[in-house]
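Peer 1: Listed here are the chains, written in short residue letters.
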Amino acid sequence: MNVLQLPLTRRTFLQSSLTASGGLLLIPAFVRAAAVADAPPPNPLGLFLRIEPDNRVYIGSRNPEIGQGVKTSLPMIIAEELDADWTLVTVEQLPLGINFSGPTPQWKYGPQGAGGSTSIPEAWADLRQVGAQARWLMRSAAAKRWGAPPESVSTRESHAIHADGRRLAYGELIAIAATLKLPADAVPLKDPAEYRIIGRPQRVVDAGEIVTGRARYGIDVHEPGAFTAVMLRCPYFDGGIASYDDAAARAVSGVRAVVVVPGPKQGEPFTANLATGIAVVADDTWSALKGRAALKVEWTRGPFAGESSAALDRQCDELLSQTGQIVRDDGNFAAARESAARTVQARYRVPFVSHAPLEPQNAFVHVEANRARVIAPVQQPAGAQRAVNLVTGIPRPAITVEMTRVGGGFGRRLSSDYVAEAALISKATNRPIKLMWTREDDLQHDFFRPFGHHELIATLDDTRRVTGWTHRLASASKYYRRADVKPEGQWEAELYPDDFPARLVPNYRVEWHSVTSGIPRGSWRAPAHTANAFVVESFLDEVAHASGQDALALRLAMLGADREFDYEQHGGPKFNTGRLRTVLERVAAAIGWGRSVPRGRGIGLAAHFTFGGYAAHAMEVEVLPGGGIVFHRVVCAIDCGRPINPLGISAQMQGGTIDGLSTALNLEITIKDGCVQQRNFNDYPLATMAQMPKDVEVLIIDSQADPSGCGEMGIPTAAPALANAIFAACGVRLRNLPIRSQLAEARAHA
Amino acid sequence: MNTRFIVNGVERDFAGDSEMPLLWYLRDHARLTGTKFGCGSGICGACTVLVEGKAQRSCMLPVAAVAGRSVTTIEGLAGPELHPVQQAWLEEDVAQCGYCQAGQILAAVALLKRNPEPGPDDVESITNLCRCGTYVRIRRAIARAAREMRR
Ligand code: FES
Ligand code: FES
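Protein chains in written order, with our numbering: chain A, 607 to 1356; chain B, -11 to 139.
Next up, chain B with everything else stripped away, as it sits in the complex:
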């Protein structure tokens, strides 16, 4: 039985194994490789996507679990202009290797949606790992994005 869902506004119809984690569907089948693989165990958050606006670790989410739902990946975040969180990431020059950053950005987008004025402790609810240690600038970028989005 095919699984139907929406990725970045486009309807998808997947005939393969519905137990396949969404991560591998996105990367190997939809060729949306912005969503990264880091641990496959729900810990690192490199695979973070938005499902109905909520941050989810796509390595832990079988395709079946998103049937009928709408998924946003990093490729689908920007409109004609960058999302304010992406823009803030540029301004604060957050990235080092950059590998974790798609997940970090989407986690930040979801946080700001929940809580438009997050304090330092709220920001720490993001548990996405960054091996390069960009946390200091992630904090700054979230604060900047929050300011911009309140305007």
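Pulled out of the complex, with its shape left as it was, chain A reads as follows:
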């Protein structure tokens, strides 16, 4: 199938051609106006779909499938506009498609990535037209065949239907369709009232492969002639190799080579691999692991050898005793504080956490003289291509990237450091290499969610109205060592100044302090929203309590009348207070906010706007005398615009809730002597089923608005709703994450 090479012009929306097997290929092209950060400029190329004579439809899915469900939901959008029979649809994962033949690289299939909950909004913008053009073709072909006007032909479930009742399967119309010329302009889209696929629950398309063990992940790639490599990496941030002895490693049966893999220089941007290390290359994983265990290495400890979690805490305290970078300053907070009837103030701490996707990092890379092939679980295939280009010098057009199903992403695989490593090892050994990371490698060498201390101050007047609000944060920005970010822009990854309660409080101030730390940082599911929603929504509860107000009533009063504000950060361009109010009211009603609960129990809630979606949680928990937590009820609501796949949205909200709770309860990465201390799931204890709620009820708002994504909205409000419920249950306010052992201690003191 050579469709990717077909030249397409900006004028052409879709081209069609016959395949060797008699199928019809549709190669739509589309124009996108929005620029995508950190990716080649998007451009009109296309995405294919294929209709076979037996009426089966093959739809390519362009974005990586990391468990967020896009391999199901994106094809649903195309199938809907095509009016396909969903049971006849087979979904294929597309490889990375970038056309380098023009002056600037152009996407072949549209943007390809998994991050920021963007797949669905981007697909809504272009993929509907793909399906619609294909349907136009089918209708026109049927009209021609019947000698009837196209208006007299309708479609349903992969059939064209004549007004007189005659029917033809799409598969029977291929030959005629291939002779038709497509209109140069967009064709009309379906009336949503006629949707038969969008908005109806559809199961994960790969489920059959998953439950039988046939689904192929990166780790399952076995290419002929490939060696397996594992690496021993320097545990010190920016450390290196002082000396090493690989004689014993080389003597291990099955070991083929031992290769030093240099990491980035101190302070250099993290564009390729993450740390210096030594790779052991062997016939299979077990031999490579045995070889690695036999390596003897002395490391240099680098410039951060004195770094520890305790020292970082002290650094934050010191920073917060000074004035930092003011990134938003509405009204006059100092004056509001002067005249306040009451001031509430609290400090919170949010730890580093690791992504820990269950499939450890891995990559297959074969570097040859002037080309390279990558098969890997990635969230940014174009980034993988750039990384290989960087470390091998092979031009990007000569580097192919195939995407497997991905065993979890959570932002970890937005970085392609492991692909760069595999490329370096392949280049050094002249062999196709499958690089395997162990769990220890993964926990020790991550781009961790940033750590920070937050100070919040609210002022209230004598009517208990919130008149002033300050959010001061000292954090280790995730923009650390990013080539494209200047120091003065580092705060932008940490604080979103248009977030609630901006514009809702007249005197509003946001301040940032940069924490110096050598630990690599990056995007962790719903990046800064997880930290900020936790502190803001916890603090709102504190303000309500301190001023004798109901926590729901205070939130509703602050949101005020329904209206829209500009929202300049990712997830904008608008933030709608009414949509946030709705999800809040829905969960409050569902949980029975305000009712009395048995002793030892409490109800908490929280709401937040994340990347274009509005979500809220309410939960009823019981705090046991020993500090254990029982979840009696957990409810969440989501407004992500028009729901594409309710089953998928539900899964994302349930999974996001559990991710949020598991992380808040258990998880922290700590640093000692310039190294990460956690090694495996014994000291980074993801929650088991027993610790988690038995059920998570999901309310999906039946919205008509353009859809947002939904992969990240379920997580930010889970932790503050839990903290608020714990406070309601036992009067203990937990301001430091993770909650873990604190609750037992706090209860003992209380």
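Keep in mind that the hints were calculated from the coordinates and are not lab data. These numbers come from a predicted model, not from an experiment. C-beta atoms are modelled at their ideal positions from N, C-alpha and C, and glycine is treated no differently. Incorrect hints may have been included.
[Claimed, not checked] Here are some chain A residues the structure puts well away from chain B; computed CB gaps all over 12 Å:
1) G819
2) R820
3) E874
4) P966
5) S1120
6) R1169
[To be verified] Quick list of in silico lysine-lysine cross-link-like pairs, DSBU-like style, CA-CA up to 35 Å:
7) B/K42 x A/K1300
8) A/K1092 x A/K871
9) A/K1278 x A/K871
10) A/K796 x B/K101
11) A/K1180 x A/K1092
12) A/K871 x A/K902
Chain A is already provided as a structure; the job is to place chain B with the ligands on it using the hints.
Peer 2: Frame of chain A; chain B with the ligands shown alone:
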């Protein structure tokens, strides 16, 4: 000395290192990649297989330990039709990334064999981790499979 055992009904004869964890034998040598690697320390359960019908973490089990025994991996669970647990997994749309699910399914199969009517606490004896947080639907799927299997 070769190690002999049965995987999914097929006799296997392994001449390599008998200390190799069964996980790596299955994945790298038998090319049965449905059994997943998650932690290599017996914690996550991604590598769960059935040994004589009992759920075992194959990353902790040297090949030598299964000599003469019968191993079932996810690839060997279904007969001509899916196992009722697999079917229940489809009905409840359990999977997100899907990576842990082979292990979860086999753990559930072993549980239902031991205890055909598990209550919520019995289900919680399964300690397999799911990073995507599919626990709620795993519970539902086990309950559904238990109902189906009692029929
Ligand atoms: S890989 Fe065996 S228990 Fe985790
Ligand atoms: S479905 Fe992703 S780890 Fe369980």
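Peer 1: Confirm or reject each hint.
Peer 2: Verification of the supplied hints:
1. G819: violated (2 Å)
2. R820: violated (7 Å)
3. E874: holds (31 Å)
4. P966: violated (7 Å)
5. S1120: Per Cβ check, A/S1120 is outside 12 Å of chain B; nearest 31 Å; holds.
6. R1169: holds (34 Å)
7. B/K42 x A/K1300: holds (25 Å)
8. A/K1092 x A/K871: holds (18 Å)
9. A/K1278 x A/K871: holds (22 Å)
10. A/K796 x B/K101: violated (50 Å)
11. A/K1180 x A/K1092: Answer holds: A/K1180 to A/K1092 is near 27 Å, not above 35 Å.
12. A/K871 x A/K902: holds (23 Å)
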